[in-house]
Amino acid sequence: MTPVSAPAAFDPGAAAARATAAILHDTLHGTERGVVVDSPPGAGKSTLVVRASRELAAAGRRLMVVAQTNAQVDDLVLRLAAKDPELRVGRLHSSEGDSYDPALRELPSVTLSAKPGDLAELPITISTAAKWAYVKDVEPWQHAIVDEAYQMRSDALLAVAGLFERALFVGDPGQLDPFSVVGAEQWAGLSYDPSASAVSTLLAHNPQLPQHRLPVSWRLPATAAPLVSRAFYPYTQFRSGTGPGERKLSYGVASDGSGPDRVLDEAAEAGWGLLELPARHTPRTDPEAVGAVARVVRRALDRGAVTCDEQSSGPVALTADRIAVGTAHRDQAAAVRAALASLGVGGVTVDTANRLQGREYDLTVVLHPLSGRPDATAFHLETGRLCVLASRHRHACVVVARAGIAELLDDHPSTEPVQLGVTVKFPDGWEANHSVLAHLAEHRVSWRP
Amino acid sequence: MPPRPLDARALAALAANPGCGRRALLDGAGVDKNALATALGSPAAFGQSQFAIVRGNSFEAKVKGDGGAELLRLVHAHLDAAAEPPGSGALVPDLTAAGPEGRAARTALALREATSAKDWTLLDHPMLALEVAGTPAYLEPDAVVVHPDGRWTVVEIKSFPMIDAAADAAKVGAAARQAAVYVLALERIAGKVAGAEVGHSVLLVCPKDFSNLPTAAAVDIRRERSVTRRQLDRLTRVEELAAALPEGLSFDPERPAEELAEAVSAVDAAYAPECLAACELAFHCRERARAADEVTALGRSVRGELGALTTVEEALAAAAGAGCAEDPTAAALHRAARLRAEALELAAALPRPHVPESPACPC
Amino acid sequence: MPLLSTLARLEAVRAGRAQPLATVRHRHLSDNPLVLVPLTTAGEAGAPLGALVGTDRNEPRVFVIPQPRDRDLRWAFLADLAVHVLAHIEAYADDVEPAERSETDPETGKRVKVETELCVDAPQLIVPSRAGIEYVRLLGRSMRFRRTAEEDPDNPYPAPSRVPLLGRWFTHLGERARVPGSSMLVSATDLLSRHWATGQSNLEDQHLGALLAWIDPPAGRSGAEAALRAELGRDEHGQLLCPPAGPATDPAFDNRLLAPAIARYDAARAALAAGPGDDDREVRTAERAVRRLVVDQMSSTWRATWEAIDLLRALPPGERAEERWTRDRWSYTGHRDRVRAGEPPQPRRDDAVTAAQKLATRETEQVRLDAQEALDDPLVMAGRRLAGEAFAGEVTGVVMEWTESKRPSPRPLVTVSTQDRPQLADGGAAKVYRSLDGRPQSAQFVRFEEDGQVVLRLLDKMGRGRDPEPGSVPEEGDRVCWTLFEHDARGGPKLPDPERTPWTHGGPPGSGAAVHLPDAVTDEDIL
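Chains as they are written, first to last, in the numbering used here: chain A, 1 to 449; chain B, 1 to 363; chain C, 1 to 527.
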């Protein structure tokens with residue numbers, strides 16, 4: 001919980017390397033059965049998982065990797081194969097057959113099978129937690145890497161933990177918590193509450209495990225890291241890998257003075273922009289707000305946005321595939337897609353916070369979860385939702401919202417039940433929303449069509 | 001009628017609906033809402049059974065008996081196990097004084113003395129003063145314990161049970177919000193006492209299982225504290241609220257009901273069904289909300305879903321097809337109405353099984 | 001709340017009475033349900049004040065404790081209750097049918113079928129409100145760890161012999177009630193609000209009297225008026241016209257009527273104890289007075305609960321509700337076997353594996369319930385269609401195609417014209433399902449036509465031959481309803497045995513957890 005200080009002396013590359021070295025040391029040579037790594041947005045979690053996998057394999061430890069979705073599993077397999085085409089990897093998939101990316105078939109080092117027995121001899125086997133749970137009566141793996149461990153439920157870990165002797169748990173504590181569609185209150189406060197996150201159960205039973213964190217976000221720009229860190233990771237702060245001015249967003253075409261253009265200018269300058277529409281209670285798919293979101297995206301493309309950063313030698317045109325729109329609800333995403341289509345824009349990712357987890361773009365446009373709502377609900381206040389939406393961008397984030405959200409938050413009744421024995425999670429969604437909003441207010445542009 | 005001073009219950013009720021101007025004004029002005037609700041013809045359904053009161057009092061007396069030995073033991077065990085355990089002769093200062101101001105001053109003095117004494121001290125029913133929106137509020141926690149290291153811990157004694165280390169989460173939540181108000185009041189005093197610090201975990205003491213033996217749990221109230229502090233800070237001063245009202249407005253329950261109803265309606269309410277459990281005036285506000293055809297009377301979630309359609313009439317008109325072109329909610333309601341009608345028609349056309357006539361109820 | 005339910009509430013406001021949320025009954029209703037109306041004492045945990053119990057609406061068994069804080073009287077009450085309720089519960093235990101169950105063979109590790117028996121029916125307990133279910137759970141917890149004189153001869157306060165057993169059954173029923181779609185222990189308010197939407201909020205629907213007033217308002221009154229009277233109406237003595245459905249009582253009743261009556265009972269007992277005579281007439285009179293008051297509080301709830309049952313019985317049963325009831329029968333049979341095998345009472349808190357297992361079961365059952373209710377009820381299906389999770393329409397074209405293999409199987413393309421907006425995406429190849437004689441037939445989404453029609457490819461249930469069996473392929477002009485969700489729920493993977501709980505979850509539960517110490521009984525049980 002020590003805040004990072006002395007910015008002049010801070011060398012992000014060195015800090016990240018030190019953290020990685022310590023993690024690998026504990027993983028390969030430590031005495032504890034588990035190691036936990038907290039990774040804030042864009043801190044190189046995937047890189048770490050690939051590196052740890054290779055080193056464990058090189059040390060001759062039979063390794064299983066547990067990820068949460070098929071897409072995550074496939075992504076990892078592709079990354080491993082790209083990094084080390086010789087390394088033999090097993091991709092355990094469900095018997096339905098079509099659950100994996102067909103691109104994996106092209107990789108000579110990858111063996112695909114629905115039967116764990118076929119993969120038993122390979123140095124690395126990768127699958128989803130759901131598929132691993134069906135693996136029974138096999139020789140346990142010497143080591144496991146559990147990816148996205150904060151999004152994994154405790155009961156899912158219970159089902160697979162018998163398969164490995166030791167494990168490295170990696171994840172982002174700030175993203176959306178796992179949930180259950182049925183009530184689980186009766187187990188609240190128990191260390192092994194099945195609906196809690198896998199990491200909270202693990203640490204409740206094994207408080208002595210070494211806990212590390214990756215200290216540098218390579219994704220978030222210098223304008224975003226301080227706010228995201230303060231609002232969502234108050235006790236484990238992190239820094240941006242790039243300094244002020246190292247990333248630049250600019251446009252080939254000057255502003256026409258409209259709201260969308262002015263907010264794009266503000267976002268290019270400050271990394272954040274709030275496009276504020278007049279206060280009004282609206283339907284969830286507020287046509288004006290949805291239209292404004294689409295307009296901002298369209299203008300960013302029309303004005304020939306160009307990015308400069310440490311990864312490329314010269315300016316790069318901002319293309320539609322480097323832009324994402326984030327919403328709270330699926331119907332909002334559908335409405336934005338329709339609005340974009342009607343403006344002739346294609347190729348832009350439009351999705352909910354849940355589906356944007358783990359993804360990265362240059363410019364994001366976010367429809368604020370509380371925009372136009374008469375009431376804030378626990379769903380809309382959830383810390384992880386806002387955190388995901390506010391931490392997907394490498395250059396700038398534009399938030400579109402109706403005025404009046406601060407008042408809405410202030411009028412939010414705070415009558416949450418309190419379960420004995422449950423560790424209070426910080427930050428609280430209500431407070432995190434307030435701090436993000438206060439920051440956005442400094443970059444406010446009011447809507448003028 | 002003398003104004004009723006703000007108490008912890010009124011402050012905690014604030015949390016249930018901080019956006020309600022009516023409640024803010026009436027509480028701030030010290031109006032007896034219970035009497036007002038009765039005079040308006042919609043009396044509150046609140047009340048406490050004397051069985052519960054007797055049980056609560058006897059449990060509190062048991063917890064605090066023997067010079068507070070058991071209570072101090074629980075504080076030590078749950079919140080400060082590393083400290084020297086409290087001895088048999090812990091300090092229990094006398095806090096009696098004349099009037100709430102006098103008692104508050106006496107409490108502040110006792111806290112200062114206890115902190116410098118560096119010994120376990122139990123303050124039984126201390127009196128704390130807290131200025132809320134320019135009006136003094138007097139609060140009386142069940143107990144405050146001063147630790148040897150100068151930490152102050154709020155103790156809440158409740159008579160709902162902790163069964164197998166779990167308790168009713170709604171009740172624990174209410175206790176936590178109430179304790180947060182005490183913590184804020186204590187912090188104002190602690191700021192002026194060297195070496196004093198107010199603990200952000202409070203001790204909740206309840207009967208264990210089905211017995212009346214006390215058991216306890218530490219409750220982290222940081223979240224409740226920060227929410228309550230923000231709410232208290234932004235409470236509009238009563239004078240400002242009152243300044244916006246017509247001259248000569250009176251909430252005297254002796255006045256005729258129509259006049260009172262008019263006076264009450266001069267201040268906007270933010271009624272929601274949750275108010276029924278928290279505010280004395282809720283049945284009156286509900287009646288008004290229903291009379292005004294507000295969809296909020298059906299629940300906050302209903303209002304959230306209907307967006308710009310705020311009355312039942314508007315929403316039903318939308319279901320019938322009005323305004324579908326411009327409002328997506330209206331269009332969705334119209335589709336819902338079509339699907340609903342189609343399904344009901346389909347079900348009505350199905351052959352019904354024979355249903356035996358149930359015997360008439362003799363009662 | 002789903003928009004379709006919101007619409008029903010809005011319509012209820014305008015109509016002045018509740019509107020249907022279902023066209024069939026989605027919960028099993030026993031021919032012979034046991035209704036239990038309990039009342040509790042304010043401020044005490046698990047100190048009952050009285051109960052009405054029975055299967056005959058005209059003849060409830062009446063149990064009242066004249067002094068709820070007296071331990072002996074409480075034991076006597078619970079013993080009476082146990083005899084009566086257990087008689088009902090156990091009446092189903094011996095009427096069995098042969099059945100099969102899958103088990104894991106301990107030697108081969110394979111799933112094998114085992115011959116076993118299944119009770120042909122199971123008891124159903126109906127309480128007035130959700131708080132009543134919570135109270136059954138609480139009573140179960142308060143009783144199951146008590147020790148009888150046979151079990152523990154040295155216990156100074158032994159429990160009557162049937163009480164711990166009732167505790168175990170109440171605990172079982174309370175846990176079962178948490179499984180979505182189960183019907184062994186249900187509340188009248190939950191049953192009613194599943195099937196009707198009122199013109200008030202969810203919160204207000206928790207009041208049984210108000211809920212019934214909306215569903216079946218007395219002639220000449222609107223639901224809103226009748227509900228208001230049920231909620232707030234008081235007589236000239238300040239007593240509620242419609243006493244609360246409990247188990248909590250109205251404070252005004254406690255303070256004005258019950259407390260003085262109990263005080264008179266206490267005084268009479270004290271006088272009798274002080275002697276000189278042994279004439280207990282005063283005590284009996286005082287006891288009768290308390291009894292009259294308590295019965296009076298319970299009887300309107302008793303009537304209301306039966307009225308709720310009548311309303312539900314008038315609905316035609318949902319086809320698949322019976323299948324879910326079979327699961328309740330399995331649950332009943334399983335607990336019967338555990339009791340018979342002499343297993344100890346359920347532990348205070350679940351171990352890690354049991355908790356995870358229960359959560360998994362409930363999630364599976366929730367999925368099953370959602371699917372089955374939609375398949376049984378066009379009104380529920382309408383909600384899924386509105387949400388884009390199903391679509392209905394007319395078949396406008398069928399093109400026969402076959403698989404490319406030596407023995408080609410039919411894979412016809414079916415075009416459906418619909419006004420619904422299913423959440424299908426081009427290129428998604430999502431599967432959809434329809435009910436064909438009660439069994440799911442699956443199809444693959446192929447594409448949207450330009451006019452919005454949906455093209456599907458049928459995948460199964462067409463028989464083994466080259467030509468599909470008659471009736472297995474829809475024809476032009478047929479009305480069809482396809483769902484994006486599966487019609488049955490799949491259970492999850494098997495979890496490790498509790499003895500093999502992994503280190504991440506604290507390892508196997510310690511032997512300490514296996515010993516179920518009785519709850520402390522203190523001298524202060526009488527306050």
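Honestly, the hints are just simulated from the structure, not real lab data.
Treat the hints with care, since some could be wrong.
Unchecked claim - Footprint (simulated), chain C over chain A, 3 or more residues, beta carbon under 8 Å:
no., segment
1, 88-96
2, 147-161
3, 192-199
4, 391-400
A quick note: this is a predicted structure, and the numbers were derived from the prediction, not measured.
By construction, the Cβ of each residue, glycine as well, lies at the ideal position given by its N, Cα and C atoms.
Structure-inconsistent hints, enumerated in ascending order: Violated hints (numbers, rising): 1 and 4; every other hint is consistent with the structure.
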